[in-house]
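Undergrad: Below are the chains, spelled out letter by letter.
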Amino acid sequence: MSESDREAMLENVALYALGVLPQEDVALVTAFIANDVQARREYADLRAAADSLAFVASEPVDSARSARLKERLMARVREDAAHADGVRPRIGSNPAVLWAVGLAAAASLAFGIVSVIQDVGLRSDLAATQRRVSTLQSQLATTERVGAQDRQTLTDLLASDARRFDVAGGSVVVRGGHVYFTFSKLPPLPRGRVYQAWTFPKGSTVPAPSVTFTPNANGVAVVALPADATKLGAVAVTVEPDGGSKTPTTKPTFVRPLT
Amino acid sequence: MDPGIRLMERVRTRDVDAFEQLYDGYHRLVFGIGLRMLRDPGMAEDLTQAVFLKVWTAPEAFRGGSFVAWLSRVARNRALDVLRARSSRGEAEIPPELPLEGALDDDVFSRLDAERVRDALAALPPEQRMPIELGFFGGITHEEIARRTDTPLGTVKTRIRGGLRKLRDRLGERVSR
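For the record, the sequence lines run as chains A and B. Okay, so the first sequence: first residue is 68 according to the working numbering, each after it adds one. Okay, so the second sequence: first residue is 1075 according to the working numbering, each after it adds one.
It should be emphasised that the hints constitute simulated quantities derived from the structure, not laboratory data. This one's a predicted model, so the numbers in the text were calculated from it and none came from an experiment. Treat the hints with care, since some could be wrong.
Unchecked claim - Listed next, the in silico SDA-like pairs over lysine to any residue satisfying Cα-Cα at most 25 Å (straight line): (1) A:K298 / B:A1188; (2) B:K1240 / A:A75; (3) A:K137 / B:K1240; (4) A:K137 / B:L1208; (5) A:K252 / A:K269; (6) A:K137 / B:A1188; (7) B:K1240 / A:R231; (8) A:K318 / A:G243; (9) A:K318 / B:L1227; (10) A:K137 / B:D1076; (11) B:K1240 / A:K318; (12) A:K137 / B:T1087; (13) A:K137 / B:E1134; (14) A:K298 / A:K252; (15) A:K137 / B:N1151; (16) A:K137 / B:G1116; (17) A:K318 / B:V1156; (18) A:K318 / A:D228; (19) A:K298 / A:S271; (20) A:K137 / A:P127; (21) B:K1240 / A:K252; (22) A:K269 / B:E1134; (23) A:K269 / B:A1188; (24) A:K313 / B:T1232; (25) A:K137 / B:I1079; (26) A:K252 / A:K137; (27) A:K318 / A:A301.
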């Protein structure tokens, strides 16, 4: 990477720290941060500065609004605490989900009431509404789950206590039981070919097939391996036919012991 | 130690009093972020409620570091969700909640306050301060900042980086005095 490219990437690190980097650039910058010591230091520095901006936002809340808000919130929390008995969460934490649940409940109630109504058209409309609400609930749940996974990945990749192993085109990052590949310059693949990850259980020389992946146009790929890193002795990558293979069919681009 | 961290430890044990203290201590911050980003007191109020409900229902989401920084990220993310739902704007990505590992460590962060940060921010040249504020509170990408301010993209990037570095240096100086 040339010095000017590197400076441009460090500027992107600053954008990421401030939270103004477009989502489509995050993988590239995350891979850069994960693979570059200076970038990690710069990111930590600038993100701390960006975080401090929250202090500027602190606003007095007018007393009536504050009292109303607190009363409403504490009523829900006390009710939840009274019923909790170790089971939580009872309160949905996402307002969008709360809305969806509320809508679903309302639609469900309406659907029950309407069963005595003979208007087939209306019932059909309500059924469609219920289906939409159900779909929305499902989408929201998926979004929440994916968002949580993405955040976990980023947290692991940028953590200072993560173990990093250099490999061709990037690095292998291990944190706790999680293992990731972060590539910032993988060669493009011929049509019909994919990269495939392989894992070697501790003490074994037999690779187990893992996920397949393709880098983006810039050669960037961030891959979370569905494996428990604490049980792995090594990881590898090969180029395989689209869909992957059960055993490697080409020479590995790397084999990296996790020690 | 950031008092929020101690209170969060108690919230994890379902301590309602600790939660109430947490709310009393930090609701102005969350409401302020909501108001700055959403520009609507009613929506800022809803956001404040949603954020504190998350604190109550999922205290394990806070995994250490500065509580203020974490809480502000949660608030910004919620506000961004609202802004995204409002329009088809380019989506910026707020980094995940990490324990702070930079030179502005927890102790330094806990000694910051609104006045110190306002002073440090005000000391930045306007051409650096403006894109930083616009990005942080506007929830928009640097490309959108460049469009809105009619500034070349590269210039915006350079100014943001330079401004954040100065801000970090000034804050470090102020709390060490």
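Undergrad: Report the numbers of all earlier hints that the structure fails to satisfy, in ascending order.
TA: 1, 3, 4, 5, 7, 8, 9, 11, 14, 17, 18, 21, 22, 23, 24, 26
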